[in-house]
Amino acid sequence: MSVALVTDSTAEIRSLAPRSEWAVVPLEVEIDGERYREGPELSAGDFHHLLQRINSVPATLPPAPEAFLETYRRLLASHDEVLSIHISGELSRTVDHAREAAASLGATERIRVVDSRLAGAPVGLLCLEAEARLGEGSAVDAVVGDLARIPEAAAVYFSVYTLDFLYLGGRLGRAPGAGPTGSHEDRPILTMRDGGLALVERVAGDTTRVERIAEMLSERFGTDSLVAVCVHAGSRGEDAARMLERRVASRRGGEATVWRRAPLGPVLCAHTGFDVCGVAAWPRALSRLPA
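Using numbering that gives the first Met the number 0, the first residue of the sequence shown is number 0, and each one after it goes up by one.
Treat the hints as calculated values from the structure; they're not laboratory data.
Possibly wrong hints are sitting among the right ones.
To be verified - Okay, the calculated beta carbon distance ranges per label pair:
| id | residue 1 | residue 2 | range |
| --- | --- | --- | --- |
| 1 | H78 | A102 | 32 to 40 Å |
| 2 | P282 | Q51 | 37 to 45 Å |
| 3 | P17 | A141 | 23 to 31 Å |
Here the structure is a predicted model, which is why all the values come from computation and not from measurement.
Just so you know, even glycine gets a beta-carbon here, dropped at the ideal spot from N, CA and C.
When you get a sec, could you build the whole thing from the sequences and use the hints?
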C-alpha cells in the first residue's frame with residue numbers, strides 16, 4: 000500500500016526535512032488587499048520587510064477546499080491512501096477545509112485528515128514522526144493512533160514580544176491577567192492547551208524568558224530523554240532559540256534531547272509578531288525519529 004503525505008505550509012516541513020516528499024498546501028497572508036501564498040510567494044523575510052511599509056493589520060486565510068481537492072485528486076491517482084496532517088483546528092480552518100475536500104471526493108476511507116492540535120514546526124515534527132512509522136511498515140490507522148498520543152504528552156512553551164498581534168487576530172482569549180498591556184520589558188510566555196493558546200506567565204527580559212522556558216521543560220519532564228523542536232522568528236528570536244537549546248542542554252545533559260530548529264513562517268508571524276522563541280517537546284519513548 001502506497002501512502003501519500005500532505006501537510007500545510009505552517010508546518011515548515013521543508014525547513015525540518017529539505018528533501019521531504021510531503022505535498023505542502025499553502026495558507027495565505029492578505030496585506031493591503033493583496034493575497035500571498037505562504038512559501039511560494041511570501042517568505043518570512045519578505046513578510047518582515049512588508050510589515051515595515053504598511054499600516055494595516057495582516058490577515059491570514061486557510062487553503063480553500065479546492066486547493067485540497069486538487070492535491071488529493073492528484074495524489075490518489077498514484078497512491079492507495081493519503082495521510083494529511085495540519086495545524087490545530089482551534090487556530091485555523093485548514094483542517095476543516097481538508098476534511099471538506101476529502102468528503103466531496105467521496106474518499107474519506109482513503110484520505111485520513113489529522114488535526115495535530117499543534118502549530119508551526121511542531122506540526123512538521125509530528126509529520127516526521129508519521130513518516131518514520133510508515134517507513135517501519137505501520138498501517139495508516141496505527142500511525143494515526145500513535146500521533147493522537149503525542150500532543151497529549153507534549154509540552155509547548157513560547158515567548159513573544161507582545162500579545163497585541165494574538166489579540167488582534169483573535170487567537171488568544173481575554174483570560175484574567177492576560178491582557179495585551181504590561182511593562183515594556185515583560186515577555187509573555189504562552190503554551191498550547193487542547194489545541195488552543197493560553198498565557199502562562201510574564202517574565203522580565205530575554206534572558207529570563209529563556210531560563211524560564213528551560214525550567215518549565217525540566218518541571219514537566221524531569222530527566223526524561225526528549226525529542227524537541229525550537230522555533231523562532233526575527234533575529235532576536237533566533238538568538239534566543241540558540242540560547243534556549245544551550246540552557247536545556249545544561250540542565251538535562253547534552254545527549255538527553257534530540258533537537259530540531261525551524262523558523263515561524265509568515266502566517267504564524269502575522270499573529271505572533273517577530274522576536275519569538277519557543278520549544279515543543281515530547282518524551283523520546285514516544286518517538287521513532289533517529290537521534
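Are H78 and A102 spaced within 32 to 40 Å by their CB atoms?
violated, 19 Å
May I ask you to test the hint 23 to 31 Å on the CB atoms belonging to P17 and A141?
holds, 28 Å
How does the Cβ-Cβ distance of P282 and Q51 compare with 37 to 45 Å: does it lie in that range?
Since the Cβ atoms of P282 and Q51 sit about 41 Å apart, the hinted range of 37 to 45 Å holds.
Hint 1 from the list above is the single one not met by this structure.
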